[in-house]
Amino acid sequence: MKTLKKLFNKPSHWVCGALISSAPILLLDGVCLIFWGEPECPDCLKQEIK
Amino acid sequence: MNTLIINKLYGFFTTTNELDDLEKVKLQYMLTIVVNEILKLVAMLIFFGSIDKLFNFLICFITLTLIRNFSGGLHIKSFFGCLFFTCSFFLASIYIPALIPINYMGYIILYIFSLTTMALIAPKPSKQRGEYSSYQKQKFKLKSMITATFCFLILLFKMNNPYLINNIWVIVFQSIQLLLSEGRDRYENIKKTI
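Line order of the protein sequences matches chains A and B.
Counting from 1, one number per residue, gives the positions in the first sequence under the working numbering.
Counting from 1, one number per residue, gives the positions in the second sequence under the working numbering.
Since the hints were derived computationally from the structure, they do not count as laboratory data.
These figures come from a predicted structure and were not determined experimentally.
Please note that the accuracy of each hint is not assured.
[Unchecked claim] Computed far set for chain B versus chain A, every beta-carbon distance over 12 Å:
{"id": "1", "residue": "LEU4"}
{"id": "2", "residue": "ASN17"}
{"id": "3", "residue": "GLU18"}
{"id": "4", "residue": "LEU19"}
{"id": "5", "residue": "LEU31"}
{"id": "6", "residue": "VAL34"}
{"id": "7", "residue": "GLY49"}
{"id": "8", "residue": "LYS53"}
{"id": "9", "residue": "GLY73"}
{"id": "10", "residue": "ILE76"}
{"id": "11", "residue": "PHE157"}
{"id": "12", "residue": "TYR163"}
{"id": "13", "residue": "GLY183"}
{"id": "14", "residue": "ILE190"}
[What the hints assert, rightly or not] Take a look, some chain B residues computed to stay more than 10 Å from chain A by CB distance:
{"id": "15", "residue": "ILE5"}
{"id": "16", "residue": "LEU22"}
{"id": "17", "residue": "VAL25"}
{"id": "18", "residue": "LYS26"}
{"id": "19", "residue": "MET30"}
{"id": "20", "residue": "LEU64"}
{"id": "21", "residue": "ALA92"}
{"id": "22", "residue": "ILE102"}
{"id": "23", "residue": "MET105"}
{"id": "24", "residue": "THR116"}
{"id": "25", "residue": "GLN128"}
{"id": "26", "residue": "SER134"}
{"id": "27", "residue": "PHE152"}
{"id": "28", "residue": "LEU164"}
[Unchecked claim] So the derived list for chain A, only partly shown, Cβ under 8 Å to chain B, looks like this:
{"id": "29", "residue": "PHE8"}
{"id": "30", "residue": "ASN9"}
{"id": "31", "residue": "SER12"}
{"id": "32", "residue": "TRP14"}
{"id": "33", "residue": "SER22"}
{"id": "34", "residue": "ALA23"}
{"id": "35", "residue": "PHE35"}
{"id": "36", "residue": "TRP36"}
{"id": "37", "residue": "GLU38"}
{"id": "38", "residue": "PRO39"}
{"id": "39", "residue": "GLU40"}
{"id": "40", "residue": "CYS44"}
Here a beta-carbon is modelled for each residue, glycine too, at the ideal position from N, C-alpha and C.
If we strip away everything but chain A, and leave its shape as in the complex, we get (with noise of 0.2 Å):
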């Protein structure tokens, strides 16, 4: 159990880092998501598009 989640470890990093380093891109390099839905900006990434 204890090696089956240190092998998670490494590439739970490497996405979460991903995602979190994509947010303000997502919201600057676009207008909108590609379908008809999105959910409410957070405060501080709104800051960031200003």
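Once you've looked at the hints, dock chain B against the given chain A.
Below, chain B without anything else, positioned relative to chain A:
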């Protein structure tokens, strides 16, 4: 179901990574977007695969990804409402060209209509995002006009290709949807003043 997946993934990432409050907020936002979009995409791949229109759907999807990212438009609040609207949009783009055969002149008119709509109305950012600067809006407007022009130019070289025709109708419907979005915003402004 999507909320369950998002919460599970959020719990997994927050326990395996040391994140501050700001990073947790960004992670939650991105997980919501990624999971919802992937679920919608998978549902549509299954649906269009079952009606033997998978390749048409993929062509329309690529075009929509390019054009909607820069031009924006309407937004639906619920997950299933969004899925239903998106499916309807793609079904219209795939089946309407067969019902309304158009010649060369017709495509020129559709191009002028789409380009004019993008020039006057695009971009229509999501209200959930906040305010973009006028420079950013001009940049997105130009990109949406260039994308529409590029798609129409490709069609000129291969007028009988059904997939390129689907492409064009995606742009036309996106333009119509921009008009609807503009109409809704103006109506809401009038309501506020009254």
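Structure-based check of each hint:
1. The non-interface label for LEU4 (chain B) is consistent with chain A: the shortest C-beta to C-beta separation is roughly 16 Å, beyond 12 Å.
2. Residue placement check: ASN17 (chain B) does not keep its beta carbon more than 12 Å from all beta carbons of chain A (closest about 5 Å).
3. For GLU18 (chain B), the shortest C-beta to C-beta distance to chain A comes to about 10 Å, within the 12 Å cut-off, and the non-interface label is violated.
4. At the 12 Å boundary, the C-beta of LEU19 (chain B) falls inside the reach of chain A, the nearest C-beta of that chain being 7 Å off.
5. Not every C-beta of chain A lies more than 12 Å from that of LEU31 (chain B), the closest at about 7 Å, which undercuts listing it as non-interface.
6. With a least beta-carbon separation of about 7 Å from chain A, VAL34 (chain B) fails to lie farther than 12 Å from that chain, contradicting its non-interface assignment.
7. The beta carbon of GLY49 (chain B) is kept farther than 12 Å from every beta carbon of chain A, the shortest such distance being approximately 18 Å.
8. Against the 12 Å criterion, LYS53 (chain B) stays outside the reach of chain A, whose nearest CB is about 18 Å from its own CB.
9. With a minimum CB-CB distance of about 7 Å to chain A, GLY73 (chain B) fails to clear the 12 Å threshold, and the non-interface call is violated.
10. A Cβ of chain A approaches the Cβ of ILE76 (chain B) within 12 Å, the least distance being about 5 Å, so the stated non-interface status is violated.
11. Non-interface status of PHE157 (chain B) relative to chain A is upheld: no Cβ of that chain comes within 12 Å, the nearest being about 27 Å off.
12. With a least beta-carbon separation of about 19 Å from chain A, TYR163 (chain B) lies farther than 12 Å from that chain, consistent with its non-interface assignment.
13. GLY183 (chain B), annotated as away from the interface, keeps every beta carbon of chain A farther than 12 Å; the closest lies near 16 Å.
14. Every CB of chain A is more than 12 Å from the CB of ILE190 (chain B) (nearest about 24 Å), matching its label as outside the interface.
15. Annotated as non-interface, ILE5 (chain B) keeps its C-beta farther than 10 Å from every C-beta of chain A; the closest such distance is 14 Å.
16. Its beta-carbon lying about 6 Å from the closest one in chain A, LEU22 (chain B) breaks the requirement of being farther than 10 Å from that chain.
17. Consistency note on VAL25 (chain B): stated as away from chain A, yet its beta-carbon is not over 10 Å from all of that chain's, at 5 Å minimum.
18. The beta carbon of LYS26 (chain B) sits about 4 Å from the closest Cβ of chain A, which is not more than 10 Å, so the claim that it is off the interface is violated.
19. Remark: the non-interface label on MET30 (chain B) conflicts with the geometry, its nearest Cβ contact in chain A lying 4 Å away (cut-off 10 Å).
20. Not every CB of chain A is more than 10 Å from the CB of LEU64 (chain B) (nearest about 6 Å), against its label as outside the interface.
21. The Cβ of ALA92 (chain B) sits about 13 Å from the closest Cβ of chain A, beyond the 10 Å cut-off, so the non-interface label holds.
22. Listed as outside the interface, ILE102 (chain B) is consistent with that label: its C-beta sits roughly 26 Å from the nearest C-beta of chain A, beyond the 10 Å cut-off.
23. Every Cβ of chain A is farther than 10 Å from the Cβ of MET105 (chain B); the closest lies at roughly 32 Å, confirming the non-interface assignment.
24. Annotated as non-interface, THR116 (chain B) keeps its C-beta farther than 10 Å from every C-beta of chain A; the closest such distance is 19 Å.
25. Residue-level check failed: GLN128 (chain B) sits 5 Å from the nearest beta carbon of chain A, not beyond 10 Å.
26. Every C-beta of chain A lies more than 10 Å from that of SER134 (chain B), the closest at about 13 Å, which supports listing it as non-interface.
27. The claim that PHE152 (chain B) lies off the interface holds: its Cβ sits roughly 21 Å from the closest Cβ of chain A, which is beyond the 10 Å cut-off.
28. A cut-off of 10 Å between C-beta atoms confirms that LEU164 (chain B) is not in contact with chain A; the least separation is 20 Å.
29. Among the interface hints, the one on PHE8 (chain A) holds; its C-beta lies about 7 Å from the nearest C-beta in chain B, closer than the 8 Å criterion.
30. Nearest Cβ of chain B to the Cβ of ASN9 (chain A): about 6 Å, under the 8 Å cut. The hint holds.
31. The interface hint given for SER12 (chain A) is met, as the beta carbon of that residue sits about 4 Å from the closest beta carbon of chain B, less than 8 Å.
32. The criterion of a C-beta within 8 Å of any C-beta in chain B is not met by TRP14 (chain A), whose closest approach is roughly 10 Å, and the hint is violated.
33. The criterion of a C-beta within 8 Å of any C-beta in chain B is met by SER22 (chain A), whose closest approach is roughly 7 Å, and the hint holds.
34. Of the supplied interface hints, the one on ALA23 (chain A) holds, with its beta-carbon coming within about 4 Å of a beta-carbon of chain B, less than 8 Å.
35. Here the hint on PHE35 (chain A) is kept, as its CB sits about 5 Å from the closest CB of chain B, short of 8 Å.
36. Of the supplied interface hints, the one on TRP36 (chain A) holds, with its beta-carbon coming within about 5 Å of a beta-carbon of chain B, less than 8 Å.
37. About 5 Å separates the beta-carbon of GLU38 (chain A) from the nearest beta-carbon of chain B, less than 8 Å, and the hint is met.
38. Checking PRO39 (chain A) against chain B by beta carbon gives a least distance of about 5 Å; that is within 8 Å, so the hint holds.
39. Taken as an interface hint, GLU40 (chain A) checks out: its beta carbon lies about 5 Å from the nearest beta carbon of chain B, inside 8 Å.
40. The beta carbon of CYS44 (chain A) is positioned within 8 Å of a beta carbon in chain B (closest approach about 6 Å), and the interface hint is therefore held.
Checked against the numbered hints given earlier, this structure breaks hints 2, 3, 4, 5, 6, 9, 10, 16, 17, 18, 19, 20, 25, 32; the rest are met.
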